[in-house]
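Single-letter residue listing:
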Amino acid sequence: MAAGVAAWLPFARAAAIGWMPVASAPMPPPPREKRRGQDGLIILNVSGTRFQTWRNTLERYPDTLLGSTERDFFFHEETNEYFFDRDPDIFRHILNFYRTGKLHYPRHECISAYDEELAFFGIIPEIIGDCCYEEYKDRRRENAERIQDDEENENSKDMVLPEMSFRETMWRAFENPHTSTMALVFYYVTGFFIAVSVMANVVETVPCGSGPNRAKEVSCGERYALAFFCLDTACVMIFTVEYLLRLIAAPSRYKFVKSVMSIIDVVAIMPYYIGLVMTDNEDVSGAFVTLRVFRVFRIFKFSRHSAGLRILGYTLKSCASELGFLLFSLTMAIIIFATVMFYAEKGSSASKFTSIPAAFWYTIVTMTTLGYGDMVPKTIIGKVFGSICSLSGVLVIALPVPVIVSNFSRIYHQSQRAEKRRAQKASKQAGQALVCKSNPTFETQHHHLLHCLEKTTNHEFVDEQTYETSCMEVSLSKPSMSRSSSLSSSPHGLSSCCTRRNKRKSFNVPNSNMVAGRRGSIQELSTIQIRERPMSNSRSSLNAKFEETVPLNSEDQSYITAAVISMPTPPMTTPEGENSASSPDFLQSNIVRVSAL
Amino acid sequence: MSSCRKRCKRQILKFAQYFFRFITGTLNADSVEDELELSAVRHRPEALELLEAQTRFSRKELQILYRGFKNECPSGVVNEDTFKEIYAQFFPQGDASTYAHFLFNAFDTDHNGSVSFEDFVMGLSILLRGTVQEKLNWAFNLYDINKDGYITKEEMLDIIKSIYDMMGKCTYPILKEETPRQHVEIFFQKMDKNRDGVVTIDEFIDCCQNDENIMRSMQLFENVI
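Order-wise, the sequence lines are chains P and A.
Following UniProt numbering, the numbering of the first sequence begins with 1 at its first residue and continues without gaps.
Following UniProt numbering, the numbering of the second sequence begins with 1 at its first residue and continues without gaps.
Next up, chain A with everything else stripped away, as it sits in the complex:
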């Protein structure tokens, strides 16, 4: 009820403003419309030597990465909406926004709402040049939405649903309601050794290391850069 009243008040206020402006006449038209977002955020990354030491990329690779990054985001940081937009362009048939949200949180290690070049390049360093342990760690961190060290069934369901969302609706076979849930069940059957309903990091890493498929697929993107 209070929201209704608030809305009423806002409407009356708007009407009064409009009436006032109607009477007095405005010399500057479009006074309501200029809501320029002053993007005051500018970020300069750390020195090249520092990044070279912290990541496993060579100088040249960092240069190439930064040039691409800066071209897309001249301000030096990516906020979540831009991130979602960019990621969505690779999956035109489905809705990549939920997965992009999780991905953004995984890259934004200091949780300040934006991904700077350092975050970006650290994440890529793990994904492309890290050891299998580090990669699995990163994946675990991605799945663990609330970063409490345990993957629950709900968290896994959210992740799996977001992955299925990226497929869109025109798939073969047709996506059914219970497909993500079944997928989660399979995953938990495999990973949750002590059947306590959550997957810890050790269970996860253990299980993945014993699975040849997963091990092989981790090496898939070695030479992306």
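Isolated chain P, as found in the complex:
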């Protein structure tokens, strides 16, 4: 939203007056304002439809046709307006982009016509707002497929992530196995062992032929007890190691322990350990056998490997209220019909409907249309109510099911959309980086504001790397030697005082303007302090001078505020060649030189 923020920059600069009385160093001079033309209305005639807007609105994006001098080619002298022989309907959206900073894609427009208009007016489609971006991309893809063009670029590399600790890398590897080969291997190995463990549990109970000295069949588990025990041990070992690794790597261990998957993990491996502990005691081994049932929970560990399972689980969770309602209404119906059937069949002899709870079984079997036939009504009135029961069962069950199904479908499509969006995000960011350039006046003014803040506090903005190197050097306590090495990177480092390096929602600022401006200021500082030394282009000498200025600044804080401000001295011929031409105003203006004596 560069447009909006730019409107508040004058306010931020005015508020900087609040820093002046507490400033440690004198303020840098303001950048010279370009002679701004009067803000007037511009008439844009697009195939007969007249649009009007302020000149400033158009000049917010100087890289486009309308914001630059390119529009002069379309100026029509007789009518004193700019004439474009293009589609007015699509132009409306383009003009709205200048007004609001957001580009929208109208759904009823043809995608190729829209693309052509954007290309004509010099606007990159990647800046389409989030609301319309997905639609735009989908339409574009459909179009490309229709023309049988291979447009899709492979974005194979992940986004470059900042430096992460080993623990964070491990966690990422666990959560998203596609990040590295190791993670993928681990993923498949654990999946394999889950399958093996579940299969072993199942096969254990299969009858395996009778032993020679026994009459009855023994299960495979008893026959090959040692083999199964070894297999079980191996699986549990792997699961334990995996659980411990996840526990170590988890960013919030408490949250991890509370999560469903970790509980499943624990429940899956506990029976084995409990079994190890309790093999001697005969009484408790009965209960231990029951515990082995929990081993089947290992199958739920597959949900980490299958997105579909997770979606199903999530659907059930989100449809919990519908399911609850279904259950509740079924319970009501069961109780009603069971009571009715009990009293109806009370009269008949040898009736299976011995009590109302006993009638529950009949009602459930009938309502779900199972009809086992182990309990049937014999009286006429029992049969009448039995038929009503089965008919109503069909209705009651059929009603909430579509709700659950539609929920599942919505969540499934949502997860698909999340995948799509993730894939599109990388290309979108690349496009945005190219296109979002604020105008240079704004840049110089913003830069001047930050420079004022630096002067107020007598510290300078540096980037992460320089900061870290200087941190290390401070701890090593080798001031003089290391400072030059850190300073050799500081011209670059200082250039990033305004870059979008952090997570704040800030506008994108290109580096080029900053670098030039910064280098100019360094030279300005260096020319001030040491006038005798000859100026040279080499970075090392620049740094040497800069080094001299820094100790002066940091040590003589109290004296700088009382420094004499000398009037404009004839500007030294700074090596203009080194600077790119992006901020000529800044260097050529009559800079007030300050000398700290």
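It is worth saying that the hints were derived from the structure and are not from the lab.
Check each hint, because a few of them may be wrong.
Here's a subset of chain P near chain A, in silico, CB distances under 8 Å, partners left out [stated by the list, open to error]:
{"#": "1", "residue": "P10"}
{"#": "2", "residue": "A14"}
{"#": "3", "residue": "V22"}
{"#": "4", "residue": "H446"}
{"#": "5", "residue": "L453"}
{"#": "6", "residue": "S470"}
Cβ coordinates follow ideal geometry from the N, Cα and C atoms, glycine included.
Chain P is already provided as a structure; the job is to place chain A on it using the hints.
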């Protein structure tokens, strides 16, 4: 202990509500989630002529200012959170929220929790077109957090800390703990003439007027609009 009990009660209540909703089924999903903040606050500024008389801006300048203001805040007022957000966008490396809070209080002269266009434009009029006396007055008002007419060391420390916060942590030289405190000491040494531990408005204005640096920097932003 009571907060724990309150939390327990709230959890039990939530669980009971959930259980009830589970049983009866809800026809409207997401009933919990729609908490639309009805921003019923709408503010229309005073007439252009009135503002022209009260501030030192010309008609055209007021028009430009209002258009920018209205674009950003269609409701006509800025609340503190929006203010902090906007101000933070200019200082991406540090944390501008504390200073923005003080700034907000300085602009919100009637202390009603929101900055209307009149407050905004009055403040700007002083900052950009005011006399040096008025500007210094405004700065004093900014530093005097509790608006009692005296700047104490604690108030100054808060202000200075908030300014240093805006720098963020990646600075050269590295920000040390005692840097803001030292800065406050220097400031008080300069400003507090009678050494009574507080700076009054007269001491402040006196001292600033004798300091060429400060005087010159006050003129820095003359032609911002």
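Each hint tested on the structure:
The interface hint given for P10 of chain P is met, as the beta carbon of that residue sits about 5 Å from the closest beta carbon of chain A, less than 8 Å. With its C-beta approaching chain A no nearer than about 4 Å, A14 of chain P sits inside the 8 Å limit, and its interface hint holds. This hint holds: V22 of chain P has a C-beta 6 Å from the nearest C-beta of chain A, less than the 8 Å allowed. This hint holds: H446 of chain P has a C-beta 7 Å from the nearest C-beta of chain A, less than the 8 Å allowed.
Residue-level restraint check for L453 of chain P holds (minimum Cβ-Cβ distance to chain A is 6 Å; threshold 8 Å). Nearest Cβ of chain A to the Cβ of S470 of chain P: about 6 Å, under the 8 Å cut. The hint holds.
The earlier numbered hints are all upheld by this structure, with none contradicted.
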